[in-house]
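K.L.:
Heads up: the protein sequence lines correspond to chains B and W, in order. Per this note's numbering, residue 6 is the first one in the first sequence, and the count goes up by one each step. Per this note's numbering, residue 4 is the first one in the second sequence, and the count goes up by one each step.
Calculated from the structure, these hints are not laboratory results. Any given hint might turn out to be false.
What the hints assert, rightly or not - Derived BS3-like pairs: lysine-lysine, alpha-carbon spacing no greater than 25 angstroms straight-line: (1) B:K92 / W:K269; (2) B:K92 / W:K220; (3) W:K135 / B:K70; (4) W:K132 / B:K105; (5) W:K468 / W:K330.
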Amino acid sequence: MSLVKRPSPAAQWYLPGILAGMWFTLKKMIYNIFNQKKMVTLNYPEEKYEYSPRFKGNHVLTVKKDGSIRCTACMLCATNCPAQCIKITAAEHDDPTVEKYPIAYEIDVLRCVYCGFCEEACPVDAIRMGPEWQTAGLAGSKFTYDIQQLAYRPQLKGGVQSVLDDQERHKKGI
Amino acid sequence: MPKLKINGKDVEVPAGATIIQAYKASGQDICHYCWHPGLSVAGVCRLCMVQVEGIPKLQIACNTEAKDGMVVNNNSEMVKETVKWGLDFHLINHPLDCPICDQAGECGLQDQYMQFGAYDPEMAEQKVKKSKVVDLGPTVVLDSERCILCSRCTRFCDEVTKTSELGIFNRGDHSEIGIVEGKPLNNNYTLNTVDICPVGALTSKDFRFRQRVWYLKEADSICPGCSTGCNVKVHYNEEGLWRVKPRVNPDVNGHWMCDVGRNTYKYVNIKNRLLAGKVGRRDSWMEMSPNDATRTAGMRLKDVVDKHGPESVALVLTGQYTNEEYKDLLVYFVTGLKLKNIFHWVNNPEKLNDFDGLLFRGDRNPNTKGLEAALKLAGSKGRWEDLQAGLNGKKIKAVVVAGPEDQSVYPDMNEKVALFAQADNLVWFTACPSDALNGSGAETWQIPVKTHAEKAGTFTNFQGKEQKFPLATTIVPQALTLSEAAEVLAGKELNWALRPKSLGGAKNNYATTERGAL
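Just chain B, same shape as in the assembly (with noise of 0.2 angstroms):
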């Protein structure tokens, strides 16, 4: 059984509480109206907040210098996924020195923790967890991004650059 705890009778008296209350609220607005610039709060939508540079928001799928996919699809970020949200399917690459590619790369991010592990995983710097965190959205399908989201949606311009290409591998003798 559960006992419930009844107000003491001085609590009852509500008023006194009420307007101890609306005094604090009129002193904090008073307060912040002569001190604009110390106010903690933004104005949301035209003021952002600025995040730290290490910020793991959604995820990019880097590029090579030719613009194309650097995922080489050997699936660790998927082994590795907690929430198993990432999904490839591997095919052969026309180019003998490219071998395996993705043809399709889905992140389901409803499912995402954004825990950053895909990105910890990938051996060849092909995804990593960029600054964006503003995903609002309508339908829920629009929540499984694919390669041309991933890799290649406006904001990123043109794609980020991998800085491990494959072409500098081989003249290494890697």
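Given chain B's structure and the hints, the job is docking chain W onto it.
P.N.:
Same frame as chain B, but now just chain W:
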């Protein structure tokens, strides 16, 4: 029978056995690449080093005969160092492209590096670049860079298939596996070279890049491709079967299996399957659950037997089902319906005794022997001419067919459907849809049945060896086995609680794509 001591453990091996076989017999780990129990000894990888008491230098275990009283170990510092730097030499030119290598996850190099190597590489020189993605033939792709030249594949082609397509060309670190121009690796056993390749140098075109091996589970099974009944493992996940690999059984298939048998996983997968029961004829079909379709078929069969007697129903069986299913079906038809017209549909009588000398047989049914035994037990004297005469003379009003699981090995499918459709009623158990059946003129029940991977049972191979296999996975949960169908035909209810459920843990989040606007 020499007795020897291996890492302090007493082992007895047959005369003539080598030390590495003694290691395998004692269940202890030993590093090796080139040695394979089904092939001759090459002794090229130099990794199975052991220290034999009384011999100052290390010996290779694969080519040293086990002698009585030998004291062998491979856990001394000397052996460990030798194996470690031997592995380093193997990896000098290896590209380490594990992310795109199909072998990753089941790779000898990965496993043995973790177990016996674990060194910091000290090679400063550049790696030798060789050709990648070399087309060796219709089934196999070669990546020369990954090859460590263990020569297992060339020995396989020389010794097992005796076709000698593969060879090692050039010298030193430019050595490469290759084929002679104009003679591709094209025989019925090519994919065994992929299995025995300890690295990812040889990969199967069929399986290449389709799945990562760590997503797949494996289950023991029997190959349904021919009457040899090779022992196999099927590799599957929630989406279905992905490949078939051989399992060792020295009495039946040794270490190998044929390429034809490796394709038997394809018709099992859901896109090639009949998913619901279909009742109707030529242009009008009604879909219903397999259970309901079977029940209505059973009622119709009982009506026919009541009206025209048991000789008006014929049962046609193919050698593609398990012994247990034959028994259950025959018990119902012989003792329940008092049927005498039971026939054995042989798909290729002229090729029945063909044999390619290794494994592959002309009889493309896994259980012809089992069916023959079951028919003998049931006292069936059904001759094919009687069936033909009965159908032509309209004496047979209903035909029940346990149709082929794998329709590609039944070239006479269309003719037989046309023949059986001369009867008024046709009950056809089939795993896969068929155009011929969809055009059947008789009133037809198409009832989906389970394939070999979805049920436990026994196949009797050509030697008369009964081989049991377990249920591997469930692909079409609503489909029935013939044993279940026999129960439903008899009017009994199935115990749904005991039947295997559909595959769990689908990876797609359908809720996301099907939810629409929030």
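K.L.:
Would you pick out the hints that fail for this structure and give their numbers low to high?
P.N.:
The structure breaks none of the hints.
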